[in-house]
Amino acid sequence: MSPTWLMLGASSSVARAFAREAAAHGADLLLAGRDMEDLERQAADLRIRHGVQAVPLRFDARDFAAHAAFVQDCDARAKGTLNVFLAFGTMPAQAEADRDPGVAAAMVEANFTGAASILAALAPVLEARRGGTVVALGSVAGDRGRPRNYLYGATKAALHTYLQGYAARLSRAGVRVLCLKAGVMDTAMTWPLPRLPFMVSPQEFAAAAWRLAERGSGSAYLPRIWWPVMTVIRMLPARIFNRLDL
Amino acid sequence: MQDMATIEPKSTTASRGGVGWKRIELTSWGRTSRTPCLAARPERMRELRAALDVPEGRRLLVHGAGRSYGDVCLNGGEAVVLTGRLDRILDFDPAAATVTVEPGVTFADLLDTFLPRGLLPPVSPGTAFVTMGGAVANDVHGKNQHHLGCFGDHVLWLDLLLPDGEMRRVSEAEDPDLFRATIGGIGLTGIITAICLRLMPVPSNALVVRRRRMTDLDAFLAGFEEAAGASWSVGWIDALAQGAALGRGILETAEPSPQGIAPRPERARRFPFDAPGWMLNRASVRAFNAAYWRRVPAGGEERLLPYRKFLYPLDAMHGWNRMYGRAGFRQFQCVVPQAGGAAALRRLLEAVSASGDASFLAVLKSMGRAGRGLLSFAMPGYTLALDVPARPGSAALFAALERITLEAGGRIYLAKDSTLSAAGFAAMYPDAGRFQKIRAQVDPQHRLSSDMSRRLGLG
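Residue numbers (numbering that gives the first Met the number 0), protein chains in the order written: chain A, 0 to 245; chain B, 0 to 458.
No lab work stands behind these hints: they were computed from the structure. This one's a predicted model, so the numbers in the text were calculated from it and none came from an experiment. Each hint should be verified, as a subset may be incorrect.
In silico lysine to aspartate or glutamate, DMTMM-like type, Cα no more than 25 Å apart, as pairs [stated by the list, open to error]: (1) A:Lys78 to A:Asp59; (2) B:Lys436 to B:Asp176; (3) B:Lys21 to A:Glu95; (4) A:Lys78 to A:Glu39; (5) B:Lys21 to A:Glu203; (6) A:Lys78 to A:Glu126; (7) B:Lys436 to B:Asp163; (8) B:Lys21 to A:Asp244; (9) B:Lys436 to B:Asp174.
Generate the whole structure from the sequences, applying the supplied hints.
Printed below as a string of C-alpha cells:
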C-alpha cells in the first residue's frame, strides 16, 4: 500500500518540488489548495511522470469551518500511511500590514490560525492511524523579529511553538512531526527580491526535506548553514541587533 | 504561497496582478551579448496571464532555456517571460502516443519519462536542455531531418496566449495560418502555453551507431547519398582541413537497436572556467580535430549507444560554451539546396578555413524536406553548422558566409544567428511578408518583439 502525502498549499514552489520528490519515491498525493486550474495540471504531471495517484482538492486555510470535512475526505482517500506537508503561508510587506489591519489579520489567520486549525483537525485522524509524518514549513524569520518582517516572523514563531506541543502529543501515537526552519529559497515569492544569501532552489530544498522527513522529527534548519547564522543572530545583544539593517 | 526568511523588496521590484518582475541580465548560449531586461518567471497559468500586463509598456518576449545561440531569445531593454518553471506534463495518451506539455518541459524530461516506456520525441535538437516552447518557436531539427522532418511536423496543436489575453488553440484544422506562423515563428505570434506532440515508438533505449571516415567533401556527400535510407545520419567535419582534405570528417549513421543497454546514471561534468583566449588557436583546434578524426579506425566502427549519448553528445559537459572564453562565440548554420550544394559547401568551408578563425568541428547534414512553418529553416539540401569564436574581424567572415549562402539560394538558421542582415533575411525567407500579415492580426502593435526581430526588420 503506497503512502499518501497530503500537500497543504500544494501550488507553492516548495510544495511542488516536494510533491515530485514524494512521487519519485512512489507516494500518492493529495494536492490541496485554492488554484484548482494549477492543481489539475500538477496532478496530471505527477501521474504521468511517476505513475502515482494524484488528486487535486479544494482547500482554504482561512475557511476554518470546512476543515473538519476536508480532513474526513483525506482520511477516506488515503489507503496507506497518511503524511502531511504544510506549506501554505503569505508574506505581505511589513509596511502594508502596519497600514492595513485587514492585511495583518489575514496573514495571521492564514499562517498561524489556519495552520493550527487544520493541524488540530488532523490530529485525531493521525492518532487513530498510529503512524505517518507531519512536515511543516517554519522559517528562520521566526527565530528573531526583524524590522523588515516581524509580523510574518511572529506568525512563524507561533507555529514553531505550536508544533513543539503538537509533536509531543502525536509522538505518543507514533506520529513524527518535523518543523523545518526554512532559509531563503528561489521561489515565485522571492523572485522580485534582489539575490539573497544562502539561497537554494526548491528542488534542493525538497530533496533535503525528503531525507529529513524519512527519519527526523523535532525541528531542523534547512539548509543547515542557517543554524550557525541564526545562533549568532539570536545571541546578538539588543543594542547591537537594533542598529543592524538585517 | 510559501515561506522563507524575508527581506523586503528594495527597489527594482514590482508585483503586478500576482506576478513579480525584476531586472536581470540575459545572455544566450553564444554569450556574445549580455542585455539587461525586466523579467517575470511565472510558475502557473494565472501568473503567466498576469505577465501580459508588462510594466512601463515594455515589449515582451518569451525565453525558454536560453540554448539558442544568437539574439532570438533576447529582448534588450524590454521584458521577458521565463518559462522554465512552467514544466508540467499535462496529458499522455498511450494509445495514440501523444503527449501534451507546458512550454518549459525539456527534451530531457520527455526522455526520462517516456524512453523507459519505449517512446521518444521523433525529432530532437543537439541538446536535451531545450524546452518544448523553444523547439516549436525555432522549428528545430535533428540528425533525422532527412527522414522525419522538423519538430513542428510532429506537433498536433498548440495553445496560444495572444498579447490581448485571448487563448486560442491552433492546428492544421483550426486556424492553420496562425499555426504555421507560430511554428518557427521565433516567439512573435503569442505565448505558447501547451503543446500536443506525437511521440515515436522505439524498440529499446539504444541505437546501433556506425562511424566511418570520409576523406573529403565529395566522399562525404556520396556517403550521405548512400545513407539516405538511414534513420539518423550526421557528419562531423574538420573545418580546418584544407586542399585535398577539405571537408574530411566522420559520417555517423544510426538505427534503432532491438537490444537495449542497462541504464547507467550519466555523470555530467561541468566546464570549470572561462577559457582564456590564447587556449583556442589554430594549433590547438587543429590537434583536437585531428584527434577526433583518428579516433574512428580507418575501417570504421559499429557501437551500441544509448539515445542520450548519440542525440546529445555535448550534454555530458555542462557549460561547454565557456570553452570559448568570456567573449563567447557565434554559430553559423545555413542550408543550401541540393543542386549546386557541393560547390556552395566548398566555398563556405574555404572561407572558414582561410579566415584563420579557429573553428571546432563543423556539422554537416542532409535535409529532406521543408518545415511547415512560414519562417521554418529547413529545405531539401545540405546544412552546415560551425562555431566561430567572437573576435574582431569575424564580422567579415560572417558577411562572406551570408553572401555565399544567399548566392547558393540557401538560408541561415535563425536559432543560431546573430549577424544576418535585414536584406539577407528578406531574400532568404520569402514567406516573411505573409508571416507579418498574420502577426499583425494578433499583435498589431508588435507587443511581442525581440532583439532579432528588430534587427531583421520585423519590428
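A quick look at each hint next to the structure:
no. : hint                 : in the structure
1   : A:Lys78 to A:Asp59   : holds (23 Å)
2   : B:Lys436 to B:Asp176 : holds (10 Å)
3   : B:Lys21 to A:Glu95   : holds (20 Å)
4   : A:Lys78 to A:Glu39   : holds (21 Å)
5   : B:Lys21 to A:Glu203  : holds (23 Å)
6   : A:Lys78 to A:Glu126  : holds (15 Å)
7   : B:Lys436 to B:Asp163 : holds (17 Å)
8   : B:Lys21 to A:Asp244  : holds (22 Å)
9   : B:Lys436 to B:Asp174 : holds (14 Å)
Figure legend: structure checked against the earlier numbered hints; every hint is met.
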